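*Asks:* Sequence:
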Amino acid sequence: MLERIIDVQAFDVPLSRKLPALFRHLTEGLPASDPRRGQAETAKLPDLIEDMDRAGVGVSLVVLREETGEFSRLAAGHPGRLFGLAYFDSLAPREGLERVSALCHEHPDLILGVSTAMSIFGQDPRLRDFIPLYELCLERDLPVQFQVGGDPGEAGSRPMALGVLAAAYPRLRIVCAHPAGAWHEELPRVLRQSPNLFLALDGREGRDRRADGAPLTIRELVRRAGSRKLMFGSRRMGREATFFDAAEGVRSLPWWQRRNVCWRTAARVYGTRILETPTTHTGTFPSTR
Numbered sequence: 000m001l002e003r004i005i006d007v008q009a010f011d012v013p014l015s016r017k018l019p020a021l022f023r024h025l026t027e028g029l030p031a032s033d034p035r036r037g038q039a040e041t042a043k044l045p046d047l048i049e050d051m052d053r054a055g056v057g058v059s060l061v062v063l064r065e066e067t068g069e070f071s072r073l074a075a076g077h078p079g080r081l082f083g084l085a086y087f088d089s090l091a092p093r094e095g096l097e098r099v100s101a102l103c104h105e106h107p108d109l110i111l112g113v114s115t116a117m118s119i120f121g122q123d124p125r126l127r128d129f130i131p132l133y134e135l136c137l138e139r140d141l142p143v144q145f146q147v148g149g150d151p152g153e154a155g156s157r158p159m160a161l162g163v164l165a166a167a168y169p170r171l172r173i174v175c176a177h178p179a180g181a182w183h184e185e186l187p188r189v190l191r192q193s194p195n196l197f198l199a200l201d202g203r204e205g206r207d208r209r210a211d212g213a214p215l216t217i218r219e220l221v222r223r224a225g226s227r228k229l230m231f232g233s234r235r236m237g238r239e240a241t242f243f244d245a246a247e248g249v250r251s252l253p254w255w256q257r258r259n260v261c262w263r264t265a266a267r268v269y270g271t272r273i274l275e276t277p278t279t280h281t282g283t284f285p286s287t288r
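Heads up: the sequence shown is residues 0 to 288, going by numbering that gives the first Met the number 0.
Take these hints with a grain of salt, some might be off.
Pair ranges (Cβ atoms, derived) [as the list claims (entries may be wrong)]:
id, residue 1, residue 2, range
1, ARG72, THR216, 35 to 45 Å
2, LEU137, THR271, 12 to 22 Å
3, PRO253, GLU94, 40 to 50 Å
4, THR216, ARG93, 33 to 43 Å
5, GLU94, THR216, 32 to 42 Å
Don't read these hints as lab results, they were simulated from the structure. This one's a predicted model, so the numbers in the text were calculated from it and none came from an experiment. Note that beta-carbon positions come from the ideal geometry of N, C-alpha and C, so glycine has one too.
Construct the entire structure; sequences and hints are all you get.
*Replies:* Here is the structure:
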C-alpha cells in the first residue's frame, strides 16, 4: 500500500486559453518538442483527481488563479481531497487583496492559505504594499505561500528576504515553494533559524550544483534543513509524467524523513483537516504524534 502524500502546490488548469504571466514563466524554457507543453494545454482540472489516485496523492492544495468555479464543483464531488490556496496578484495588490478576502468569505471550508508569485515578478516581499496581505493572513490564520523562481541575484528572491519577513511576523506561517535543484545555498540555514518558515519542494532531482560542484539533491536538502521543515509541492500544471516521478522522489526518502515531507509538515502548516480524507486505495495517514 502506498504511503499517502499531501501535495501543497498544484495549479488550476487549463493554462492555454489566457496563459497568465505566472504560468508563462513556469513553462517558458521548455523545448517546443517537450510533451508537457501539449499536456498542459489540453489538461482539464478534473484530470487532477485521476492523477492523484495514480500517484498516491491523498490531498492536493490548488492555487486558484482562474478556475475557481470548476474547482468548487470538483471539491464538492470529492470531499476531503481538494483544498484551495487563494492567489494574490502582487501586480495589483489592492484588487488582489479584495479577491483573496472574497474567496475566503465565499469558501471558508476550502481555502487553507494564500499563494503569491512576488519573487517570480521580481518584487520584494518586504515591501509596504504587501503588509495588508500579511495582516489579513494573520487575522484569518492562513499560511502564505511564496512561489519562488525569479533571479536568485535579486534581493527579493533570496531566502534571507523571507527570513526577515518571518522574523517580522513570527505568528505568520510562511512557505517557500521552490523548483527542484534551484534552492539557494543559504536556504537551509534560513529555514533552521526561522521557526515559522517552511519549504515546499517538488520531489524532482535538479541539475543545479553547489559552488564545489556537488549536486543539490533532495536528500542533501533534507539533511541540511531537517525534514520537519519540508513538504511536497508538485508544481503540477497539467497532465505530465513528471508529476508521478516527483511523488516517487519524496516517497523514496527513508521513512523517518518521508513521513514529514509527505504529509506531517503539511498538516502542521495547513491544519489537520487535510488528514481527514476518506480512506481509499491510496492508504491512510498515520497519527501526527
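*Asks:* Hints first: check each against the structure and report whether it holds.
*Replies:* To see whether the hints hold, each was checked on the structure:
1. ARG72 - THR216: 35 to 45 Å: Holds, at about 40 Å.
2. LEU137 - THR271: 12 to 22 Å: This hint holds: roughly 20 Å between Cβ atoms.
3. PRO253 - GLU94: 40 to 50 Å: With Cβ atoms ~45 Å apart, the hint holds.
4. THR216 - ARG93: 33 to 43 Å: The hinted range 33 to 43 Å holds for THR216 and ARG93, with Cβ atoms some 42 Å apart.
5. GLU94 - THR216: 32 to 42 Å: holds (40 Å)
Consistency with the previously given hints is maintained throughout, with no hint failing.
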